Amino acid sequence: MDILKSIYEVVWFILLVAAGVAALEGYFYTHFKFYARAWFFPAVLGVFPALALAVFGGLLGGYTFKLWLYFLLAEAAIAAFFRYAVKGRHTVPYLLLAPAFVGLALLLVYPFVFEVYLSFHDLKLTTIMMWKNTGTLPFVGIDQYVKVFTTSPLSEVTFWALLGRTLLWTFSNVFFHVAGGFILALMLNNQIRFKGFYRTLLVIPWAMPQVVAVLAMRGEFHSTNGFVNILIGKLLAVFPFLAALGVAPVQWLTDYPLLTCTLINIWLGIPFMMVVILGGLQSISSSYYDAADIDGASYFQKLRFITMPLVRPVMMPAVTLGTVWTFNNINVIYLVTGQAGGTEQADILVSALYKAAFTYNRYSYSAAFAIVVFAMLFFFSVFYLKSFDAAKDER
Amino acid sequence: MATVQFKGIVKKFGDNLVLNGVDVDIKDHEFVVIVGPSGCGKTTLLRMLAGLEEITDGEILIDNLLVNELHPSKREIAMVFQDYALYPHMTVEENMNFALRLRKMDKAEIASRVAEASNVLQLNKFLKRMPKQLSGGQRQRVAIGRAIVRKPKVFLFDEPLSNLDAKLREEMRVEIAKLYQRLNATIIYVTHDQVEAMTLAGRIVIMNHGIVQQVGSPIEVYRKPCNLFVAGFIGSPTMNFMTGKLALEGEALFFKNEDIKLSIPPYLLSDAKKHDGREVVLGVRPDDVLVERDGEKCSDKVQGVLEVCELLGHRENLYLKVGGMRVLATVEAFFNRSPGSAVTLCFNYKNMHVFDKATESRISE
Amino acid sequence: MSADMKKEMSAAAKRRRLNHLLLHAGLFLFAAACVYPLLRIFSVSLRPGDKLVSMDLSLIPAGATFVSYAKLLGDTMFLRWLWNSLLITLATSFIGVSLASTAAYAFSRFRFPGKKVGMILLLSSQMIPAGMLILPLFLMIMKLKLMNTYLGMIIAYSVSSLPFSIWILKGYYDTIPRSLEEAALVDGTSQVGAFWRIILPLSTPALSIAFLFNFTTAWNEYLVARVVLFSSQQYTWTLGLFELQGQYITQWGMFAAGSMLVTIPVLCVFLYSSKWLISGLTLGSVKG
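Listed in order, the protein sequences are those of chains A, B and C. Start counting the first sequence at 1; every next residue gets the next number (my numbering). Start counting the second sequence at 1001; every next residue gets the next number (my numbering). Start counting the third sequence at 2001; every next residue gets the next number (my numbering).
Please keep in mind that the hints were generated in silico from the structure rather than gathered at the bench. Just so you know, these numbers come straight off a predicted model, no measurement behind them. All C-beta atoms, glycine included, are put in the ideal place defined by N, C-alpha and C.
With the C-beta cut set under 10 Å, the calculated list includes, among others, these residues of chain C facing chain B: (1) Arg2178; (2) Ser2179; (3) Leu2180; (4) Ala2184; (5) Leu2185; (6) Val2186; (7) Pro2201; (8) Leu2202.
Isolated chain A (complex conformation):
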C-alpha cells in the first residue's frame, strides 16, 4: 500500500510540474501573440492578477497579498519586456527556454539571492525564532564579510589557513588526476589485448556511488583493519630494509587526515580524466603520427609535439571543470572526517562552510563565507577560460 501511495505521490507531482510548464508556456505564448494589441496591456495587469487572486486567494493564507503584489510587479515587468524588448520575435527559443530558466530562477537564483541577503544580516541560532515570528532579521552590513577573514569558521582554523589548504588540496588533486589520467589513457590508446576489459575495470572508482566508495576507502585506511596498513606491514616483513627508509604503518585518519582524503580523492577522480583524455587521443588522426614517424620523431618527441598540443583543447575545459569540482568537493572530506565531529585538520573551505552552517548554526556567517568562495571561483574561471580562448584564437 505504501508503495502504491508513494508512486501516486510522485506521479501526481510530475503531472503537476507538467501542468505548470504548460501553464507557463501558455502564459508566455499569449504575451508573444498579443503583445501589440491595445487591450493587452491593461488586461494582463487587470484580469490576470484578479484571476490569480481568485484562484490562489484561499490557498496561501497570510502570504496571499504579498505574493499577489509580487505577481503584479512581475507581470508588469514581463509585459513591458515583451512590448519594448522582444516585440514578438524569437518566440520559439524563449518558449523552449522558459521552463528550464524558471526552474533555475526558483531553485538556483532565488536561493543564491537569498544567501546574499542572509550575508548582510544576522541569522544564527539566537535570532532564528525572531525571524520565524516576524520575518525580519537584524541588518549588519558587511560585518559577516569582515568576520569571514578575521574569525575562524570552526573552532580554531582560520580562513587563510583554510584557503591555503584548499589550494594545496585542489592543486595536488587536479595534478594527479590529469597526470594519472594521461598515463592511463596513453596506455589504453595502444593496440593491445583486453583493452575493453582494462578500461571497464579502470572506470570503476568513478562508477561506484561516491558515498560507498569513500566510506569503504575510509575503512581501508583504518590503522589496524585497513588493508593499506596491512599491506605496509606485509611489505615490511618481506623487505625489512624499507623500515630504515621510514616506511611504517601510520594512523592515517587521525595523524594525516588531509593526506588520506587526497589519496582517496585521487583514486576517485582519475577515471574521469582518463576517459576525457582517451576520447581526445582517439580523435587525433593517425596520419600526424605517420608523418612524424617519417620525420624521424622519437616516442617522446611525438608525445611532446603532437599528442600534447592536440589533446589540449579537449582537456582544458575538463581541467577547468575538474578544478572547480575539486575545489567544491565536500563529499570526501566530510565523509572521511566530518561525522565523528573530530578533526579540523583536513577541512577545506567548502567543508568548513557546511559545518559552520549545520554544525555550528552560524547561517549568515556561512552565507558570507559561501559568497566569498563563489567569487573566488568565478574570477578564477573567467580568467582561466579567457586565457584559454586567447590561446585558441592565436592558432
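Following the hints, put chains B and C in place on chain A, whose structure we already have.
Frame of chain A; chains B and C shown alone:
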C-alpha cells in the same frame, strides 16, 4: 506545376548584403540552373524560396501566390539538400514517406507513390535499409526520391552532386536529366559547377555578388556572355582575356596593346567611330584560337611561343606566350611541336567578344 | 632478406613484445588498484558475524555466508530506502532531462537576445560551492511544508544537474546538421515538430548521458537529504547506509552488503553506457 517569380529580392545578414535586388521569372515546367561562385548568394536565394531563410525585402511568388510569410511545408515545394539530409534514424522507406505521413495521407496512396518513385530510381532493393548502409550515389537517389513522392509544384536542388566523386557525378547528372524529362516539372537547381549548369539547364541564371549577371539559355550565355564575369565563368577552359585600346586608323578599327595589333571587323563593332580610343578587354575562347591554321574569318596573324602542351586525348591544350601575354589554345590532338618553338596563331573573328574595360559589359554584337 | 635485417626485425618484434608485456603489467596493476576496494567490500559482506573486523586479506573469507545480506534485508528498512531513492531519482532525472533537452535546443539552434548571458549563467552556476544552496532550499522546503517528503527532495534536486545537462546536450545538438531539420520543415513539420521527430530521436546517446548524470547525482546525494529527511521511513539509501556506518558499533557486515546492493546495478548501467559517456563528455567539452 508552377511558375516562380522573384521580385526585387534583398537579403542582409546584419550589415552584410548577400542579395541585392534579384528579379527572375521562372516559367512552368522549366529547368532553371542558378550558378555562380561560392558566396554569390545562390543558395541563400534557394533557401529563401524554400522558406528556410527570412526575406529582408522583395517578394517571392509561387503560382502567383505571395509566399513570403508562408511556412516551408505550405509552399508545396520539395528540396534536395547538398548533404542529402536523410533522417539517419529512419529507413529509406520511412525517409521517403515521412512527408506523406505527416500529411496523414491514405496508406495505400503512400505505398503506391513510394513504389513508383523507388521504381524510377531503382531503390526497390534498399527500402528497408538505413541511410548509413547506402553508398553516396544511393543516398542521393533516396534524397531525390523523397522529393518526388511529394509531387510538389517546384523541385529545389541545392548543389546535389557536389558530394559525389567525378564519375558518379556524371551518372547522376544524366539521371537527373532523364528525371526531368519524365516528371516535366519546374526545377530550380543551384550549383557552382558550370558544366552541370550547361548540361542540365533550360535556362541559366548566373549570379555574382548577390546580383543576377545574366539569364539565358546555355547557348546564349556561352555565345553571348553579357559581361566579363559571365564570359570568364562559363566555358571550360576559361576564356582568354586581352586588355588593350581600340584605335581608328582610317575607316578600320584596330585593337592594340603592347604585344599585338588586330583589326576589328565591322560586324563585331558596327559604329567604329564611336569606339575610338576606348579601353577594352578582348575575349577569345581557347577553341577559337587557331594555331598554324588559316581560316576564312580569321584575324591577323600573331607570333607566339609554345610553352607547355597538355594532351587530353582527342584535344590538346597549348599554353602560348604572345609577347607578355599568355594565351591558351585548344586544338585537335596531336600538335607535334616541342615546347619553346615559335608558332603562328590567329583568332576566330566570329566568336570574339569585346568588353568595355571600365563597365565590364559587352559592347560587341 | 639478409640475415642482418632478419636479426633487426626479430629484435624489433622482441622489443614490441616487451613493451606490450610492460603495458599489460602496468594496466593490470592500476586495474587491480581500482577494483580491489570493491572486492574488499564484497569480501567483508561475506564475513560471518564474529569476524567482521579482522586483518584477513583473502577475498572469500573463511566461513563465508550471506548472513549480512539476510540481516540487512530483514532487520532494516533497506529495501524501503532503495525504493525511496529510486523514486526520487527517477522523478528528478525525468524532470531534469526534459527541461534540459528543450533549453539546450534553444541554445544550440537559435540566436536571441540574452543567449550569451544565459550560457554564462549556466557556467557560473557550476562555481556555486556545495552547501551554499542547502540552507535556502531547506528554508524554502520548510515553508512549503514539504519537509520529510519525496516532493521536497525532488524539488531540491530537480535543477541541480540542469546546467551540466544543458551543456552536454547543446554540445551534442551542435553536431547534428541543420539540414536535417530544414528537410523536416520542408516536409511539413513545425519547428517544434522537427525537434520532436528528428532531433530528439537522434540524440538518444546524449539524452542517456544526461539522464545518467542526473541519475547518479541524485542517487548519490546525501547533504540535502540529511537536512530534509528525518524519519528513517523516508530515508534514501545514502542516509540509511550512513546510519548503519555511523552507529557506535559500525555494522560493517550490513554496511558492506548494502554497499554491494546499491553499487552493482549502478555499475552495470554505467559500464553499459560508458561508450556513449566518452563521446558525450568529450563532445560537450570540446564544443563548449
